[in-house]
Amino acid sequence: MGTEGGLKRGFWSIGQLDREVAESLLERARRHAKGPRRSDVLQGVEIAALFFETSTRTRVSFEVAATRLGATMLHFDSKSSSLSKGESLHDTVETIASFGVDGMVVRSSAAGAPQLMADWTGLKVVNAGDGAHQHPSQALLDLYTLSERRGSPEALSGLRVGIVGDIAHSRVARSLMEGLDLFGAEVTLVGPATLMPPVGFRPATRVTSDFDECLGDLDVVYLLRLQQERIGQGLIPSFEEYVARYSLTRERYRRLRSGVVIMHPGPVYPGMEVDSAVIAAESSLVRSQTRNGVFVRMAILEAVFGDGVLA
Amino acid sequence: MGTEGGLKRGFWSIGQLDREVAESLLERARRHAKGPRRSDVLQGVEIAALFFETSTRTRVSFEVAATRLGATMLHFDSKSSSLSKGESLHDTVETIASFGVDGMVVRSSAAGAPQLMADWTGLKVVNAGDGAHQHPSQALLDLYTLSERRGSPEALSGLRVGIVGDIAHSRVARSLMEGLDLFGAEVTLVGPATLMPPVGFRPATRVTSDFDECLGDLDVVYLLRLQQERIGQGLIPSFEEYVARYSLTRERYRRLRSGVVIMHPGPVYPGMEVDSAVIAAESSLVRSQTRNGVFVRMAILEAVFGDGVLA
Amino acid sequence: MGTEGGLKRGFWSIGQLDREVAESLLERARRHAKGPRRSDVLQGVEIAALFFETSTRTRVSFEVAATRLGATMLHFDSKSSSLSKGESLHDTVETIASFGVDGMVVRSSAAGAPQLMADWTGLKVVNAGDGAHQHPSQALLDLYTLSERRGSPEALSGLRVGIVGDIAHSRVARSLMEGLDLFGAEVTLVGPATLMPPVGFRPATRVTSDFDECLGDLDVVYLLRLQQERIGQGLIPSFEEYVARYSLTRERYRRLRSGVVIMHPGPVYPGMEVDSAVIAAESSLVRSQTRNGVFVRMAILEAVFGDGVLA
Numbered sequence: 005m006g007t008e009g010g011l012k013r014g015f016w017s018i019g020q021l022d023r024e025v026a027e028s029l030l031e032r033a034r035r036h037a038k039g040p041r042r043s044d045v046l047q048g049v050e051i052a053a054l055f056f057e058t059s060t061r062t063r064v065s066f067e068v069a070a071t072r073l074g075a076t077m078l079h080f081d082s083k084s085s086s087l088s089k090g091e092s093l094h095d096t097v098e099t100i101a102s103f104g105v106d107g108m109v110v111r112s113s114a115a116g117a118p119q120l121m122a123d124w125t126g127l128k129v130v131n132a133g134d135g136a137h138q139h140p141s142q143a144l145l146d147l148y149t150l151s152e153r154r155g156s157p158e159a160l161s162g163l164r165v166g167i168v169g170d171i172a173h174s175r176v177a178r179s180l181m182e183g184l185d186l187f188g189a190e191v192t193l194v195g196p197a198t199l200m201p202p203v204g205f206r207p208a209t210r211v212t213s214d215f216d217e218c219l220g221d222l223d224v225v226y227l228l229r230l231q232q233e234r235i236g237q238g239l240i241p242s243f244e245e246y247v248a249r250y251s252l253t254r255e256r257y258r259r260l261r262s263g264v265v266i267m268h269p270g271p272v273y274p275g276m277e278v279d280s281a282v283i284a285a286e287s288s289l290v291r292s293q294t295r296n297g298v299f300v301r302m303a304i305l306e307a308v309f310g311d312g313v314l315a
Numbered sequence: 005m006g007t008e009g010g011l012k013r014g015f016w017s018i019g020q021l022d023r024e025v026a027e028s029l030l031e032r033a034r035r036h037a038k039g040p041r042r043s044d045v046l047q048g049v050e051i052a053a054l055f056f057e058t059s060t061r062t063r064v065s066f067e068v069a070a071t072r073l074g075a076t077m078l079h080f081d082s083k084s085s086s087l088s089k090g091e092s093l094h095d096t097v098e099t100i101a102s103f104g105v106d107g108m109v110v111r112s113s114a115a116g117a118p119q120l121m122a123d124w125t126g127l128k129v130v131n132a133g134d135g136a137h138q139h140p141s142q143a144l145l146d147l148y149t150l151s152e153r154r155g156s157p158e159a160l161s162g163l164r165v166g167i168v169g170d171i172a173h174s175r176v177a178r179s180l181m182e183g184l185d186l187f188g189a190e191v192t193l194v195g196p197a198t199l200m201p202p203v204g205f206r207p208a209t210r211v212t213s214d215f216d217e218c219l220g221d222l223d224v225v226y227l228l229r230l231q232q233e234r235i236g237q238g239l240i241p242s243f244e245e246y247v248a249r250y251s252l253t254r255e256r257y258r259r260l261r262s263g264v265v266i267m268h269p270g271p272v273y274p275g276m277e278v279d280s281a282v283i284a285a286e287s288s289l290v291r292s293q294t295r296n297g298v299f300v301r302m303a304i305l306e307a308v309f310g311d312g313v314l315a
Numbered sequence: 005m006g007t008e009g010g011l012k013r014g015f016w017s018i019g020q021l022d023r024e025v026a027e028s029l030l031e032r033a034r035r036h037a038k039g040p041r042r043s044d045v046l047q048g049v050e051i052a053a054l055f056f057e058t059s060t061r062t063r064v065s066f067e068v069a070a071t072r073l074g075a076t077m078l079h080f081d082s083k084s085s086s087l088s089k090g091e092s093l094h095d096t097v098e099t100i101a102s103f104g105v106d107g108m109v110v111r112s113s114a115a116g117a118p119q120l121m122a123d124w125t126g127l128k129v130v131n132a133g134d135g136a137h138q139h140p141s142q143a144l145l146d147l148y149t150l151s152e153r154r155g156s157p158e159a160l161s162g163l164r165v166g167i168v169g170d171i172a173h174s175r176v177a178r179s180l181m182e183g184l185d186l187f188g189a190e191v192t193l194v195g196p197a198t199l200m201p202p203v204g205f206r207p208a209t210r211v212t213s214d215f216d217e218c219l220g221d222l223d224v225v226y227l228l229r230l231q232q233e234r235i236g237q238g239l240i241p242s243f244e245e246y247v248a249r250y251s252l253t254r255e256r257y258r259r260l261r262s263g264v265v266i267m268h269p270g271p272v273y274p275g276m277e278v279d280s281a282v283i284a285a286e287s288s289l290v291r292s293q294t295r296n297g298v299f300v301r302m303a304i305l306e307a308v309f310g311d312g313v314l315a
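Chains as they are written, first to last, in our numbering: chain P, 5 to 315; chain S, 5 to 315; chain L, 5 to 315.
Looking at chain P on its own, in the form it has when it is part of the complex (with noise of 0.2 Å):
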């Protein structure tokens, strides 16, 4: 097992991981996957949870995660509060290391946001997605439901992972990457050339734009959520043409490998990445991946302010 001692000021990208320290993660939410529902490793630990975006999948798995392990989480509901209302990033984050908390959980917009306030603060902080940069809570868990898929997570060497879409704005996509990387699994990067991400992004095994070609190929399907505003900007013609060319339609869906799966980081609306029946499908690992953040965020916690090291 590795060292997670690198994740004693924080969490925020899956570049602090090492093969070790990841399988080490991974134990820890196995542990937790097969223990007791509760318990008290974190009590008395404070920790406050900072969404300055929407967010309720991700945070409630969270808070789940904090209530299971003894902890008290804090809210600061950035939308309704006065915080960050012409407030700078740096005058609210240190409002709240005022309180005397232990860490922040945080959601923002701007990328880099987490690791400067852990640097600002002195205080721990987890990474709940941080603009187009890291979500390595997210990819965390897809390892896991992977490796739990697989067996193993020995078994992701080799594997060939096609993530599908967005990838340029995608922090999911990003911190995926690199986790796969990890394990030696094969990315192949799907979507229309202005949705890849720009040049000297960490390089996947493989680049296309063309989603038919590659079907037969893949062992699992990674579909990233569309954000609607992507046709406003300009960068795909229509919802009609992106379904055509990029929806995991029922047609393409019968056309994939025996064995495959699919994957989606939530929410889903049905009809625009995938159609409800293929989400719906055996085949599907979305609930899973649902049920299984839980266990990985219990196990990012228990890393960052646990004391204990995993034996």
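Take these hints with a grain of salt, some might be off.
Here are the simulated lysine to any residue pairs, SDA-like style, with alpha carbons at most 20 Å apart [said to hold, decoys possible]:
#: 1; chain 1: L; residue 1: Lys-38; chain 2: L; residue 2: Ser-292
#: 2; chain 1: P; residue 1: Lys-12; chain 2: P; residue 2: Glu-24
#: 3; chain 1: S; residue 1: Lys-12; chain 2: S; residue 2: Glu-24
#: 4; chain 1: L; residue 1: Lys-38; chain 2: L; residue 2: Gly-74
#: 5; chain 1: P; residue 1: Lys-38; chain 2: P; residue 2: Cys-218
#: 6; chain 1: S; residue 1: Lys-38; chain 2: L; residue 2: Asp-106
#: 7; chain 1: S; residue 1: Lys-12; chain 2: S; residue 2: Lys-38
#: 8; chain 1: P; residue 1: Lys-38; chain 2: S; residue 2: Phe-103
#: 9; chain 1: L; residue 1: Lys-38; chain 2: P; residue 2: Glu-24
#: 10; chain 1: S; residue 1: Lys-38; chain 2: L; residue 2: Gly-104
#: 11; chain 1: S; residue 1: Lys-38; chain 2: L; residue 2: Gly-74
#: 12; chain 1: L; residue 1: Lys-38; chain 2: P; residue 2: Glu-57
#: 13; chain 1: P; residue 1: Lys-38; chain 2: S; residue 2: Ala-101
#: 14; chain 1: L; residue 1: Lys-38; chain 2: P; residue 2: Arg-291
#: 15; chain 1: L; residue 1: Lys-38; chain 2: P; residue 2: Gly-104
#: 16; chain 1: P; residue 1: Lys-38; chain 2: S; residue 2: Glu-24
#: 17; chain 1: L; residue 1: Lys-38; chain 2: L; residue 2: Arg-295
#: 18; chain 1: L; residue 1: Lys-12; chain 2: L; residue 2: Val-45
#: 19; chain 1: P; residue 1: Lys-38; chain 2: S; residue 2: Gly-48
These are calculated hints, taken from the structure and not from any lab test.
Got chain P sorted already, so can you dock chains S and L onto it with the hints?
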């Protein structure tokens, strides 16, 4: 005592109760009213609160009840969340089930949603109001409040209860009528014909559009909240017309029998359904209804989520 | 030590305190600052949080304080709730009292509301700011912060404190002046005549509209927040005019005495009342104010809701 076993999947309708089970719930509530404020009978139980419609009274009442039993309540604020924005109800509920909670308390504008949610997920679901269908915890707290006033549930037999106002759109009225029927009370529905239930609705003893004519016959006047939208919908001609014919004014109050009690599910907007002096009078049970709401909801949560059987 | 018995019904005004009781509260706060973060002195106590005006700092500060004492805080989000929409304040508060809570922490735009609420319900009420009337927990945390800096409450005697800005509309100024008066500090009110309190307001040692003239005489510069609406109301000619005459710019900062301290109740919008470099300087006590707010509010909640007497 009847068996509450039929509530182990949830509580979505008064129709699930026979008289024995209803009495068992009222007796549980009575014990909570007399007993210590806090216990730990639901220690470790996790309940998701899903309010798709605005509510303070009912939401807080359930939260207080859950907290006093030692349960943990998780909030899914459906207004500011990504849940239910484009996502189907089915997906939203499956996501919540994936977090591994034990059940949900649900308010929804969709009649029948709570039972559907229980069917979809296998989780226990408590109905906190669904469309114009049912509001069973409200009916039970009304029955509790009347029983307390009359001395016992048996004393509800033959009680003459007038339910006044917008019966057609009222889940409160629908649940209450069924509840009163279990105990042999006699219901009179009072209101304009446009706000009366359709043919085939569970028959009341009596239906009238003349409040003044039946005033002197009632033991209980139960006023429903009138929603302003009914005017725009052409269902009542004007605010003034409604007040003139159906508001419990001071003048009408003076013509009520001695010993009559006034009830209202709240929130009360004085001057509309009822005069402010009347709702503040000693014969008004509005405060008792709110207070008893907590005890009755403790009883419901205990029956649904607890292991114990009422001895 | 004075007796805190006068606080058993609640704490709505600095006027409830004599010097001995104020010192007793500061001593309680000091013990919380030095002691363990958590205790269970308010275990089982239920406090409703009623914020009719937006607040993050004060609301979270009270929530952290209550949680660390073992109390349960119930949130009545007055913005998105049916409470107070057409309902009278009296009804709203009676409803909350009906839930059986032990007391409330209230922020309201109505001066005097907290005391009224205590009278109506018999519940303990803590004022978290009422209109332009009082903000007593803020004044106490300011006194605590100054005492800490000066070494003791006694050292506040003779301290020259300039309160700068919109005195007329400031509950912070009103409470602070009364608090400083208890300890023999000398207050100078600084601001345009249009923002000075009306005749009959508790007299300060000195009132001036010339900030520059008194700069060199002050030991403490306490800057109030200027609300933008004051410009539209014709009370100040323009933002630029206000900054030119009353903002604590770098230039004015350099002319202050050595050892001076800068205070502000927050949130600070740099560039308006104060330059961003000044508010970040070592002489600024803004972070200490926030930090001490939790300790002082623990002391207040303990005095109001606790059984114990400070030995």
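Evaluated hints:
1. L/Lys-38 <-> L/Ser-292: Holds - the C-alpha atoms of L/Ser-292 and L/Lys-38 are around 14 Å apart, at most 20 Å.
2. P/Lys-12 <-> P/Glu-24: Holds: P/Lys-12 and P/Glu-24 sit about 16 Å apart, inside 20 Å.
3. S/Lys-12 <-> S/Glu-24: holds, 16 Å
4. L/Lys-38 <-> L/Gly-74: holds, 18 Å
5. P/Lys-38 <-> P/Cys-218: violated, 37 Å
6. S/Lys-38 <-> L/Asp-106: holds, 17 Å
7. S/Lys-12 <-> S/Lys-38: With Cα atoms ~25 Å apart, S/Lys-12 and S/Lys-38 exceed 20 Å; violated.
8. P/Lys-38 <-> S/Phe-103: holds, 15 Å
9. L/Lys-38 <-> P/Glu-24: violated, 41 Å
10. S/Lys-38 <-> L/Gly-104: holds, 13 Å
11. S/Lys-38 <-> L/Gly-74: At roughly 24 Å apart (the allowed maximum being 20 Å), L/Gly-74 and S/Lys-38 break the hint.
12. L/Lys-38 <-> P/Glu-57: violated, 36 Å
13. P/Lys-38 <-> S/Ala-101: holds, 18 Å
14. L/Lys-38 <-> P/Arg-291: Since the Cα atoms of L/Lys-38 and P/Arg-291 sit roughly 47 Å apart, the hinted pair is violated (cutoff 20 Å).
15. L/Lys-38 <-> P/Gly-104: Holds, at about 13 Å.
16. P/Lys-38 <-> S/Glu-24: Violated, at roughly 41 Å.
17. L/Lys-38 <-> L/Arg-295: Holds - the C-alpha atoms of L/Arg-295 and L/Lys-38 are around 13 Å apart, at most 20 Å.
18. L/Lys-12 <-> L/Val-45: Since the Cα atoms of L/Lys-12 and L/Val-45 sit roughly 15 Å apart, the hinted pair holds (cutoff 20 Å).
19. P/Lys-38 <-> S/Gly-48: Within the cut-off at roughly 17 Å; holds.
In this structure, the hints that do not hold are numbers 5, 7, 9, 11, 12, 14 and 16, in rising order.
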